[in-house]
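S.K.: Please arrange chains B and C on chain A, whose structure you already have, making use of the hints.
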Amino acid sequence: MTASTRKRWQFRQPSVIPGFGLALGVTLSWLILIILIPLSGLLWRSSALGWSTFWTLATDERTINALRISFGTAFAAALVNVVFGVILAWVLVRYSFPGKRIIDAMVDLPFALPTAVAGIALTTLYAPNGWIGSLLTPLGIKIAFTPIGIVIALVFVGLPFVVRTVQPIMEEIDKEVEEAAATLGANRFQTISRVLLPGLTPAVLTGFALAFARGVGEYGSVIFIAGNLPYVSEIAPLLIVIRLEEFNYPAATAIAAVMLVISFAMLLVINLIQAWSRRRYGYGA
Amino acid sequence: MAHDIPDPAGHHGTSEMVRTATSESRLARYVLIGLALCFMGLFVLMPLAAVFTEAMRNGPGEFLTVLSDPETFSAIRLTLLVAVIAVPLNVVFGVAAAWAIAKFEFKGKAFLTTLIDLPFSVSPVISGLVFILLFGSHSLLGPWLQGNGIQILFAVPGIVLATVFVTFPFVARELIPLMQEQGTSDEEAALSLGASGWQTFWYVTLPNIKWGLLYGVLLCNARAMGEFGAVSVVSGHIRGLTNTMPLQVEILYNEYNFVAAFAVATLLALLALVTLVLKSLLEMKFSEQIAASRRH
Amino acid sequence: MHAKRLTRFITVALLASSIQVGGLGFAFADTTILNVSYDPTRELYKDFNAAFAEKWKTDTGETVTIQTSHGGSGKQARSVIDGLDADVVTLALEADIDAIAANTGKIPADWKSKFENNSAPYTSTIVFLVRKGNPKGIKDWGDLVKDDIQVITPNPKTSGGARWNFLAAWAWARQANGGDDTKAQEYVASLFKHVPVLDTGARGATTTFVQRGLGDVLLAWENEAYLSLEELGPDSFEIVTPSVSIKAEPPVALVDGNVDAKGTRKVAEAYLQYLYSDVGQKIAAKHYYRPFKPEAAAPEDIARFADVKLSTIDEFGGWKEAQPKFFGDGGLFDQIYKPGQ
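Protein chains in written order, with the working numbering: chain A, 105 to 389; chain B, 2 to 297; chain C, 12 to 352.
Chain A extracted, bound-state conformation (with noise of 0.2 Å):
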C-alpha cells in the first residue's frame, strides 16, 4: 500500500515507516465522520435559509448584543489574564517560594474543573450574600449577574491558556541575553521591557488569542454568574440555547454560523501568529 501510494503521486515524501495508509485513513474518517460532516451540516443548515434571511436573523438587534457581550467580555478576561498570566508565569520561572509547585499545578485547574462547578462556585463567590460579594455590596459593586462576573469567569478558564503558552519560553530566555543588555547599560526595566518582553510576544499574543476564543465559546461558567439579561448580560451560546429551546431553529443556526465563522479567523490569526513567531523568534509559541 506505502509503495503503490508513493509511486501514484508524490502526495508525501517516501520512508521506510510503514502504516501511513491506514493511520491517515482512520485519522481521516474518524475527522470527516466526528468533526466536518456536523460542521459543514451547520453551514448547510445556515445556507438553506438564503442570504437574506440568515442576515436579518444574524442581525437581530438580541442577536448582534449578545454577540458584542461575548467579544466583549471575552476580549476584557483576555487582557487581565494577559497581564496576570505573564506575571504568573515570571514568578513561577524565576522566583522560588514556598507553595510554588503547589500553585503551579494549580494553574491547570480551570482546565480540569468541569465548568458547571466553576459556574456554581463563582456564583457562590460573587454573589451579593457571598463570601467576596458580600464585601463589596456595601461599596456598590455588584459582580455576579453582570458583565463583570462574565469576564470573573471568564478570566478563571482562560488563565492556562496564558500562563501555559508563555511559561516555557520564557524557560528557554537566555541569561546571557539580559546579562548583556544589563552590560550595555540598561537598566533592569529596560532589560524587561525592551528586551524580554519583545521575544516573548509571539507567546502572548497565543496565549492571549487561546484563551479569548476559549472565552468567546464558554458556556457552562458563564450562564450561572452572568444572570442572562437579554441587551446586558446574555452570552451569545446562552442565546443558541435559548433558541434552541424555543425551537427556533434558524435563528440558533444563525447565531451558531457566525460564531462558528469566527471561531475560524480566530483559528487562522493563531496559526498566522505562530508561522510569523516561528520566522522571527525561531519558535513556535
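None of these hints come from the bench; they were simulated from the model. As the structure is a computational prediction, the values presented were derived from the model and not from experiment. Heads up, the beta-carbon is just placed ideally off N, CA and C, and yes, glycines get one too. Hints are supplied without guarantee of correctness; some may be wrong.
To be verified - Below, computed lysine-lysine pairings styled on DSS-like, alpha-carbon distance capped at 30 Å: (1) K157/C - K204/C; (2) K273/C - K123/C; (3) K204/C - K246/A; (4) K280/B - K211/B; (5) K204/A - K211/B; (6) K211/B - K279/A; (7) K68/C - K320/C; (8) K204/A - K286/B; (9) K277/C - K304/C; (10) K280/B - K204/A; (11) K246/A - K147/C; (12) K143/C - K246/A; (13) K246/A - K157/C; (14) K286/B - K279/A.
To be verified - Residues from chain B that keep clear of chain A, each with C-beta distances beyond 10 Å, as calculated: (15) S24; (16) V85; (17) S124; (18) E182; (19) V218; (20) M226.
M.R.: Coordinates of chains B and C only, in the frame set by chain A:
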C-alpha cells in the same frame, strides 16, 4: 522597579551588582509574588474552597446522604460510561493521527493539524447543536432514525457523540509534538532489524510515547467527564437516565438543593484534583517526554 | 513487556466498559416509564412517583421505575416532538400537548377526553411573589406597571406558566377596562416593558427572582410561590393574590405512539389514572396544586388556597384559538415584546 538599580551595571564590577542587574529588587519580587498569589487565591483557590465548604455546610452526614441518592448515582454511572467509550475512541484516533502527522511528510499536513484543533475553538454549545441539526426530527436523518426506533438525541449515543467531538483533539495534540520530536530513527532501526510494522509500533513507539499518551488520556478524560455545554444541548435532561454529573449539578442547583449540587460538584472537583496530581507527577517524572507537548 | 502490560490494561479497561454497558442494560430490565413534565412539578412528581411505584408493586408485584424530565413546558413538548421517548406527558397547558399530537401523531387528537376533568387532575393559578414586607406596595395587576417596578416572568414562547401569566394579566386588564381588548393589549405591552429578563422556564424565573435578587415581583404558579416560601423561608418573601387571576389547567396525556412501541401502555395508563385517586389528589394538594377532588385532600392543605376570582381559558376561545393568536410566530406576544428597551 527601575529606581532600585543604582547605576548602569557596567560601572560596577562586583558580582553582587551583576546579580542585581539580571534580577529584580527584593521589593519588586515580593510585589510580583504577592500579586500572583492574590490572583491565584481569588480566582482559583477560593472557588475550589467554596465547593468543599458549601458541600459540607450541613455536615458530612448530609453530604453522604445526598450522594447516595439514586439519581446522583445514575449520573455518576452515566458519566463513567461516556468517558469509558469516548476516551478510548479518541486514543485510537489520536495515535493514528500522530503517527500519520509526526512520522510522515505529506501535502496538506498543516491543514490537517488545523482541522484536528478545530473543536478547541468551537463553542461547546455549537458542538451540541451540530448533532441536533444532524439527528433532530427536522434533519434529513431524523425521520429515518425515528422510523427505525433509533434513539440518538436525548440518549447515550448523542451524549457520547457530543463528548467525542469536544474531546477530539486532546490525545492527538499531546502526541503529535512528542512524536515529532522523537523522530523516526528508532522505528527505522527496528524495521531494519526485521520487525513488522505492528511489532515496531508495540515494542518501540508505544513504550516511547506511553507517558505522553497517558498525559493526553488524563486531560481527555477530565474534559470528557466534565463537559457541560455540548452535553446539555443533546441530553434531554431526563433524571436518572440522561443526566451526567455536570448536568446533575445544574439541576440540583436550580432546585435550590445547594448542598446536593455542591456535593456532586465536590466529586467533580476531586476528579480535577486527582487529574492535576497525576499530571504533576507525570510532568516531574517524565519531564522530557511531556515538555514537548507542553510547548504547543 | 511494556506492551504486554499495556495490552492487559486495555483488556481490563474494555472489560470494565462492558460491565458498565451490561449494568446499564440490567437497569432497563425492570419496567421504566418516562414522564416528561414542566418546571414546577419536580417536587410533586418526586413524591407521587414513589407512591405509585409502591402501589404498582403491591398490585402487580412488578417493579416500575419512573423517570422524569423537567423544563419549560413548550420546550419539553418540542423535545418530545424531536424524539424524546416519553410515555406520558404532564405539561403546563393543552396547547403543548396539542402540538405533540399535531406534529407526531403519537397522541390522538381527542386526548383531552381520555381522563377526567379534561385530563387535568389538578389545577393552579397565578399569584405574585414579592419581597418581605411588600416594599413596593404591590396589591394588584395595576401596580405592576408603575415606574420603578421590575416584573419577573419566564418566556411565553417556552414556558407554559408564562403563557398563563400573560393571559391572567390580559384577563384582569380586560375586566378593568370593561372588556376592551385593545386596552388590555396596551396594558400587557406596558407590563412586558417592566420585564428585565425572560427565563425559559418557571424555575429559572424563580431562581432569578429569589437567588439573583432581580425584580420586585415574580409572576408565579401558586404552587411555585408557596414552594419558594417553604424552601427559602417566609422571612424573605410573601405572596400577594391579585383580584383576578386565571384557572390554569395543566393537563396530562398518554403518548400512545411511544407506549405501544415500548409495551408500557398498561403501567403508563395506571400511572396517570393514579393521579386522580385519593392518594394522588392528596399529594397534589400537599404540593400546593388545587386538586380536582378537594374532598380527597387533607382539609388543612385545602385551607391554604386563597379565594380568587378566576378567569378561564374559555374566555379566550380555548387554547386552540389562544395559542396561535397570542403566542404563535408573529402573534400578539411577538408584536408586544421588544426586550431591553
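S.K.: Just to be careful, I want the Cα atoms of K286/B and K279/A compared with a cutoff of 30 Å; is the pair within it?
M.R.: holds (26 Å)
S.K.: Measure nothing beyond the straight line between the CA atoms of K280/B and K211/B; if it is 30 Å or shorter, mark the hint as holding.
M.R.: holds (14 Å)
S.K.: For K273/C and K123/C, compute the direct alpha-carbon distance and say whether it is at most 30 Å.
M.R.: holds (22 Å)
S.K.: Should the label of S24/B as a non-interface residue stand, given a Cβ cut-off of 10 Å to chain A?
M.R.: It is violated; S24/B is separated from chain A by about 7 Å at its closest Cβ, not greater than 10 Å.
S.K.: For the pair supplied as a hint, K280/B and K204/A, is the alpha-carbon distance within the 30 Å limit?
M.R.: The hint holds at about 16 Å.
S.K.: Is the Cα-Cα distance between K277/C and K304/C 30 Å or less?
M.R.: The hint holds at about 24 Å.
S.K.: Given the proposed pairing of K157/C with K204/C, does the C-alpha separation stay at or below 30 Å?
M.R.: Given pair K157/C, K204/C holds - Cα atoms ~11 Å apart, limit 30 Å.
S.K.: Holds or violated: K246/A and K147/C, Cα atoms, limit 30 Å.
M.R.: Between K246/A and K147/C the Cα gap is close to 22 Å, so the pair holds against 30 Å.
S.K.: Between the alpha carbons of K204/C and K246/A, is the straight-line distance 30 Å or under?
M.R.: Given that 30 Å is the threshold and the Cα spacing comes to 23 Å, the pair holds.
S.K.: For the pair supplied as a hint, K204/A and K286/B, is the alpha-carbon distance within the 30 Å limit?
M.R.: holds (18 Å)
S.K.: Confirm or reject the statement that V85/B sits farther than 10 Å, beta carbon to beta carbon, from all of chain A.
M.R.: Label holds. Min Cβ-Cβ 17 Å, cutoff 10 Å.
S.K.: Is the Cα-Cα distance between K204/A and K211/B 30 Å or less?
M.R.: Holds, because 28 Å separates the two Cα atoms, which is no more than 30 Å.
Checked against the numbered hints above, the structure breaks hints 6, 7, 15, 17 and 20 and satisfies the rest.
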